[in-house]
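As a plain string of letters, each chain reads:
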Amino acid sequence: MSDASAPHAWCEATPALGEPMLALVRRLFPICRSITGNGVRETLRIVGEVVPLTMHEVASGTRVLDWTIPKEWNIRDGYIADARGNRVVDFRANNLHVVGYSTPVRARMPLDQLQSHLYSLPEQPDLIPYRTSYYEQRWGFCLSHRQRLALAPGDYDVVIDSTLTDGGLSYGECVLRGTSDEEVLFYTHTCHPSLANDNLSGIVVCAYLARLLGSVEHRYTYRFVFGPGTIGSLAWLSRHQEHLPKIRHGLVAVLLGDRAGLRYKQSRQGDHVIDRVVARVLRQTGRPHTIEPFSPYGYDERQFGSPGFNLPVGRLSRSAEEGYPEYHTSADTPVMIAAEALSESLRACVEVCATLESDACYVNTRPFGEPQLGRYGLYRKAGGDALPDRERALLWVLNYSDGDHSLIDIAERSGLTMRAVCGAADDLVAAGLLVPRS
Amino acid sequence: MSDASAPHAWCEATPALGEPMLALVRRLFPICRSITGNGVRETLRIVGEVVPLTMHEVASGTRVLDWTIPKEWNIRDGYIADARGNRVVDFRANNLHVVGYSTPVRARMPLDQLQSHLYSLPEQPDLIPYRTSYYEQRWGFCLSHRQRLALAPGDYDVVIDSTLTDGGLSYGECVLRGTSDEEVLFYTHTCHPSLANDNLSGIVVCAYLARLLGSVEHRYTYRFVFGPGTIGSLAWLSRHQEHLPKIRHGLVAVLLGDRAGLRYKQSRQGDHVIDRVVARVLRQTGRPHTIEPFSPYGYDERQFGSPGFNLPVGRLSRSAEEGYPEYHTSADTPVMIAAEALSESLRACVEVCATLESDACYVNTRPFGEPQLGRYGLYRKAGGDALPDRERALLWVLNYSDGDHSLIDIAERSGLTMRAVCGAADDLVAAGLLVPRS
Amino acid sequence: MSDASAPHAWCEATPALGEPMLALVRRLFPICRSITGNGVRETLRIVGEVVPLTMHEVASGTRVLDWTIPKEWNIRDGYIADARGNRVVDFRANNLHVVGYSTPVRARMPLDQLQSHLYSLPEQPDLIPYRTSYYEQRWGFCLSHRQRLALAPGDYDVVIDSTLTDGGLSYGECVLRGTSDEEVLFYTHTCHPSLANDNLSGIVVCAYLARLLGSVEHRYTYRFVFGPGTIGSLAWLSRHQEHLPKIRHGLVAVLLGDRAGLRYKQSRQGDHVIDRVVARVLRQTGRPHTIEPFSPYGYDERQFGSPGFNLPVGRLSRSAEEGYPEYHTSADTPVMIAAEALSESLRACVEVCATLESDACYVNTRPFGEPQLGRYGLYRKAGGDALPDRERALLWVLNYSDGDHSLIDIAERSGLTMRAVCGAADDLVAAGLLVPRS
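Protein chains in written order, with numbering that gives the first Met the number 0: chain A, 0 to 437; chain P, 0 to 437; chain W, 0 to 437.
No lab work stands behind these hints, which were simulated from the structure alone.
A few of these clues could be false.
Since the list gives no way to pick out one identical chain from another, each pair is judged satisfied if it fits inside one copy or across any two copies.
Unchecked claim - When the alpha-carbon atoms are kept at most 25 Å apart in a straight line, the in silico SDA-like pairs for lysine to any residue are as follows: (1) Lys245 - Pro366; (2) Lys245 - Arg44; (3) Lys70 - Gly376.
Every value quoted in this text rests on a predicted model; they were computed, and no experiment measured them.
Please take these sequences and the hints and turn them into a complete structure.
So, in structure tokens, the structure goes:
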């Protein structure tokens, strides 16, 4: 592996990418996305400008595991107008105003009757909530509680110009082949309309991570899936059941732009290599972070971590779902997102990949006593000095390369950086003192 | 199982039972009990008014494991009288005054000679100690240290009108058959004379627990044994060796009436289901409590937990043995006992039984991804809302019903109440999404 | 085992041995030792006055594992003299002045040229460093940084009157045969010149420990090896490969004279009996101490703990290597050593041996319920009393003598002293209630 592409050098590009990622969040923000429809396709097309995506469509009506792909939903307009024809609630002002997957409607009705179709947040009276009804045919409007209270009694015109038609669920995939067909999977959901942290942040971090990995050599094959939440990962899992044994590690990468510290939710297995690697990467940032055990709710980790699949897929985010006041409201705009947060998130992902890339298991060829490192040019000249860090790394790698411990294990046990451990392993391999475990 | 008999509804009866239990303590208090004799029979007869007991007798001289059932001891009277015939120490005033199992005596002797037969507590000069000599033929008197110091030199008449005859060791048993022949065992000792907390409290809690369980449907067979300490459990174990494999869980239930927090001593195995269930029940009381590891002394848990039997039997008490100043003295009277303490102890026992009853191991019939709960009527209507607790419980139960985790495991892992987890399991079974593990 | 030689009585001799050990440190201090040569032989000869040593020589050129025994080094004189013939650096004043294994030299050179052969400590300007060059042919002088700065420009006469000849590596061994051929190994390094704590302290503690053990009966065979660091343990391991399975426990005993608290470095296995025993002994001192995990550097524990050997050998010291400012400098003199520290270190070693000696695994012959201790004369007479400690120990030993737990396990679990547990076991064996596990 050439020095330029050495895994731990990959991180240097990340600080400069905060601003481009934030610009991409702003560009994608206005688009009305859902679990199906043209908004998703447009989003994937734009992401495809950053990194080549293969587009996939799963037809409405297709059975995926216990679920069925629903009809495709598209919307042109939606509003509530008062008697004078003023749009008092308007989809064109904010696409959160229409409940996702609302059936078409064109009617006049008194406020009393309309109320059962309205959603607002009394506790956060200035914010529009985000609501959907994918699998139950309904229509509705979301509005701020102040708006709602201001609605005068009387008749209103209600229009939702939407369609529910046989179409397809769209997802995009970027596969970066490595020298091995063992895979690292990244999944990020694409189904939320104008919500920035949830989850344009995850989309842009995955896009730029894929772009970065596409520019360097790597051992693992990396697969990035940009698809809707729940039904998207179910569709993907359903179509890739034969393929799943190749997935060695995975991350659901979402909510990566806000100012909270990084947060890792462990895979269902809890002590898988991905769990240890992410914990290590977060610890090495030296910044506050959180590690939480698996739970069967949240985002798509719940599908990858269902008992039948039980894949080693954790979740990296900053805030958790329901974890910040702007969550699932009109306040989740690009203002919530910091370029530095995006680049720090990206860097953590890169470090995770670099650590996975550089992990390996070796066997010491001189396991009885220490080899005489000086004979191999690996020892300081004068005895009696303090032990240099480099030599310390050599000794750790030699001692624990007993066939049971990988370089990650050795880094954990020794407290050394992965970079130091990998450097020592390279030197020992070159000296013939270490061979890869067959 | 009908709703009325649902395990977690059983607890509602307990608060009202505090006063009746305390009344029973007061009624049993004056009786002179020992490891054998008519006082025990009378005690069991009265307990039999609360819950039907089968009486058992093991004849004196019967070999039980490494021990032999001793002769039966009964006592009519006992006193020390001074030269003027005044009873200065009188069994009729307090049955603790005569050392348990004292051989008969009728003699006159000077104080000097009498002293070697007297027991008192210099550190607690107002209290009469409790002493016995079951396996060594002796006689003696217990008295307060002040009484002892007040004894004037001179001759005393010493009378103990007791008998040691071939008879039997008595214990009572209440077996409540469930739908399964797997058993939960409760053992409480009956051998202490006028001591209230040790152990009339345990006797009344077991009696009322049996009465409560007798009024509801249950899966486990519950067996309550009211017998003397050590020799009683040894006799029972000796006679039930073939039966022991049916015992799935057990508790020695003693010292349950004082005002200390509940205290659980783990079974010898330490991590058995009973240990986890009691810990969970105590935690959920939200009140201070103690959990301690097994030790091979204390009460009858030491026999159930001897290495040859090694049964999953823990011990529930409030204070520990030797754990309160009134322990084994004349101050352990019904004044020490609080009705609320008895009912809280009873409630903890009921909760333990309810938790054991409701535990089960299921298998998810749709383990690949989440089932579409909405199709089964198990999902909230509008997406985007915060996750309701009920749905959270459904997801936990689905995800961990992989054949390796019981409902108790799932409750522990999720932090949900057993009630929530069981409710979710019931709903999922009804929907066909869960089946009992075969 | 007679009472006089009971393991736990061995400790009584240790306090009186602090001063004799310190006197021996002072006597050995002036000798110029290295990994080979006459200084080591003289040191071993003097140690042989305390305890009989068998001397071994491994010839120069002998292959030992990945290493080769170097030529033997001896030195008569060495100095740097100024133009007026004044010795400004003089081996005779302090043997640290000459780099260990310096090749002979006799030359005149200007200060500029001499500088590359000089070693000093700018941060500790008054101290002479300790340096060696065993496997690279060089010569050099160590001096205080103040001395170095005071050297005037100009020519200097440089003389090292050393020899590097075919000879041998010397080590001494003391083997104390026990009733079993299972061994406890002690290793201490002998290769440092005038450094007191590192490691005359280890040498004298091992010598006096061997002397003490030689005067009592014991079960284990104890083997003490006094040899040079690294190449010495490698040579010993290389020659004893067939023998290694007999080594049940081991300690590298070094740096045992300074005033820091005792410090234990675990064996590579980390949870071996030796690790638990030393931790227990240190805990029972009631004094501050440190326990650290294995790491593959330090002293000879790194050879015993190399992955091919993986022997259960920990390390007992006070300070760690590099752990005190005087480490590897001319300030590591007998002034650093406290007689009380030496005797406390010796006592800890004795306690470790005593604990290992007294450990055993027994089986309860009456495992079903408790045996009736009173029948065996092992029970207090009157029931009702508080449980005496002696009886508590009997119950712990009976309950856990199930074939899976040794006396050390029982001591750990019960919190009782090893002395109490062993005493109980002795009583139970005498009563026929316990038999050694076959």
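_Within, between, both or neither: how does the pair Lys70, Gly376 come out at a Cα-Cα threshold of 25 Å?_
between (68 Å within a copy, 20 Å between copies)
*Homomeric proximity label, Lys245 with Pro366: Cα distance no greater than 25 Å*: between (33 Å within a copy, 20 Å between copies)
_Checking an output row: Lys245 and Arg44, CA cutoff 25 Å. Within, between, both or neither?_
Neither. Shortest intra-copy (28 Å) and inter-copy (66 Å) distances fail the 25 Å Cα cut-off.
Going through the hint list in order, the structure does not satisfy hint 2, though it satisfies all others.
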